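2 protein chains.
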Amino acid sequence: MQTSADDLQIQTQSQLGEINDALESGTFKQVRRMLNGLQPAEIAHLIESSPPPSRRVLWRLVDNEGEVLQELSDEVQAQFLRRMDAAEVAEVTEGLDTDDVADILQQLPDRVIREVLAAMSARDRLRVESVLSYDEETAGGMMNTDTITVRPRLTLDVVLRYLRRHDEIPASTDNLIVVNRKDQFVGLLPLSKLLTSPPTITVREIMVTDIDPIDADLADNEVANLFERNDWVSAPVVDKDGKLLGRITIDDVVDVIREDADHSLMSLAGLDEEEDTFAPVSLATPRRAIWLGINLITAIVAAAVIGTFQETIEKVVALAVLMPIVASMGGVAGNQTLTVVIRGIALGQIGRNNIGWLLSREFWISVINGLLMALAMGIMVALWLNDMNIALIIGAAMIINLLVAALAGTLIPITLKSLSIDPALAGGVVLTTVTDVVGFFAFLGLATYFYS
Amino acid sequence: MQTSADDLQIQTQSQLGEINDALESGTFKQVRRMLNGLQPAEIAHLIESSPPPSRRVLWRLVDNEGEVLQELSDEVQAQFLRRMDAAEVAEVTEGLDTDDVADILQQLPDRVIREVLAAMSARDRLRVESVLSYDEETAGGMMNTDTITVRPRLTLDVVLRYLRRHDEIPASTDNLIVVNRKDQFVGLLPLSKLLTSPPTITVREIMVTDIDPIDADLADNEVANLFERNDWVSAPVVDKDGKLLGRITIDDVVDVIREDADHSLMSLAGLDEEEDTFAPVSLATPRRAIWLGINLITAIVAAAVIGTFQETIEKVVALAVLMPIVASMGGVAGNQTLTVVIRGIALGQIGRNNIGWLLSREFWISVINGLLMALAMGIMVALWLNDMNIALIIGAAMIINLLVAALAGTLIPITLKSLSIDPALAGGVVLTTVTDVVGFFAFLGLATYFYS
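Sequence lines, in order, name chains A and B.
Numbered by my numbering, the letters in the first sequence go through residues 115 to 566 in order.
Numbered by my numbering, the letters in the second sequence go through residues 115 to 566 in order.
Bear in mind the hints are in silico, worked out from the structure with no lab data behind them.
Treat the numbers as computed from the prediction; the structure is a model and nothing was measured.
Any given hint could turn out to be false.
Only some residues are given here: those of chain B computed to face chain A with a beta carbon under 7 Å [to be verified]:
#, residue
1, Ala-136
2, Pro-165
3, Thr-310
4, Thr-399
5, Arg-402
6, Ser-442
7, Asn-449
8, Thr-453
9, Trp-471
For each residue, glycine too, the CB sits at the ideal point set by N, CA and C.
Extracted from the complex, chain A is given alone in its bound form:
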């Protein structure tokens, strides 16, 4: 059976429908059979697509809990782990890849981590500890210890016989790793070369030596960049002395790319990229309240600006009607610039060498579009209110606010970045405050000057 377009989306929803029906009528057996016929990642997707009450039931019906657990996002993982004791965690995670076990353990309090490690076999414990000793968001935290290594002096024939002694080769193995006697990285032996070369030559003769191994301290998004630029499937990880520690595979890199790309989107709304779509009210409410509180303060700042012009508004009440337009257009224009710059920073494109060009481009876009919008708005106001003065004032205020929006949209994220503040998280709030304050101030200020 082939998978045809849009099948997957429909499939998820029809599976969810089936599960809901079954859970309501209490026929768990059928759901259990259906669930356990799916890939762990598919089960994880169904669990993440379910509200908390169904989640708990689904979880009890899953057989291979460890595999499913490691496919879940951090936040959902934590929800299930909270109800397990150390022995259960140790049991469930047995047989998982080292990096996945480490990811899961990092959701737990330190005391529980120690208990889980104590419940593991000595060999597994050592491996997991070596990954845990690195930050979760570095190459060391992403790596797996399941490497197959060979020595340079072996002939390919020996390597082939050595491989045949394995029952299986770890997933996503496209290279064997060549190491010296001190276990230091020397080069890579691609399986494709192993398969196309004469069996009598040695590893040294055909190994690839022009690929640098990854330092265990490299940040995960830089690892993703290296994989993307070089089209790697796997890559070796080494410590400061060049000693092989493990390898990173493309499936873990894909997760980093997905999270990195989601980060800007979610942060601009004050949310975390790991945010659970179906987080319960008790979790989601306080998080959102913080964001609303911050924005309440900035809105009050903008209102205070209006407050200083009360007398002018009393004289010409039409100003109150029109002032949100000026603020809103500045916000929209600034937000476009901000989004382009935030993505450019995330992609590593923007820095001191091109910021000048970018700033001047945004300036000229604003000049042209500012004039255009000012003209449109001016004509509309002149016809609507039959008042040329207000038409000129709103036109001028709009041009001023669009220019400020262009500068703010470019400079705010770059300044935040240089202060090591996440531009995606703080950028939107700061920008809107600037465009609101400048919008109200320019429009009402010009009006006050004119009408006083």
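Go by the hints and put chain B onto chain A.
Chain B in isolation, oriented as in the chain A frame:
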């Protein structure tokens, strides 16, 4: 040499600095040597990180133009292709993967595509035409025709000897594809199994048959889902009759994942995910003008609502000062809900089976946070203006607007999606219009009722 943390970002900027200096002093030779020592993807990244004037110079200094061209984003590709004639395009794209050639050709007008195809060798032309016959955003448009196929009855020993006749195996080959006499897909022979099994057994005995091939019409984001859920490195693509057409590799899937994830971010600001960070003023200005124009209309709608309450504002001018706060808080709350729902839709998590739960959760979050914000704002207004009436009015209006924002943030993207309108592109505009209109209407309406 190992690559350590933050090296890559700094490296890009220092390379750009070097290039700028060299271009200013006219020492192209050095830049050419530096450029051509880099990977094609690194050169593409430098070009995309440069403003248009430096881009043109860099492009002239690049030796392997085809490789670099296919790493560039669609929009930047198009900028260079516009200056080439059909013969040049055919020359530059020679030797590239079929899917990459097809991607590049799709940037060109139909007339030029025909000319380029005519300039190709018959074999290349047939291959590219087979990919071009599928939409760019389907499995058929992503696939490559460089498959290695074997028959089920062969012994592994024969397969190994057959492989040794190849100079090299295509990149990211983790499986050989098993086909029957009619070239129909039968199964996969993982290289890992080929390497660990005795040479005397046949392909049929160890081939994997429980993986479904991908239908050529499957949408590219569904292909990405399949790769992510199954941790594939490559997968076979077949036509309606099960005939093998080619295969998709993980490096092309990573591009789709990156673009898909960028899509929501950029669309919410009215931008395209392929938007060139350094697009010239002449390209960027008209695009942004359209978005500003749409938002100008919605801002005027909101202003018109205020306009109907002019008399009330004339009586109590403090209303004009406070009204943007109510509208703005509705916008912020609605935007959080909208972002969570848009991402949930993009990930395929949200549908008819869980929308009810989601709606009720958002409702309760809004009730709680609405009361909280209303209380904070009410107390502040009571103290600031010493006016309990306005304090009560603004509190009530804020609760109303936060509730409407929760409903709108959930229902707008789902409704747009069911109408086949991109929720990420249209959602933000519609939402802000709703929260502005409701915010002004609730606050000024309640005030009018109270003060008249």
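Name the hints, by number, that the structure is in violation of.
Violated hint: only 1; rest satisfied.
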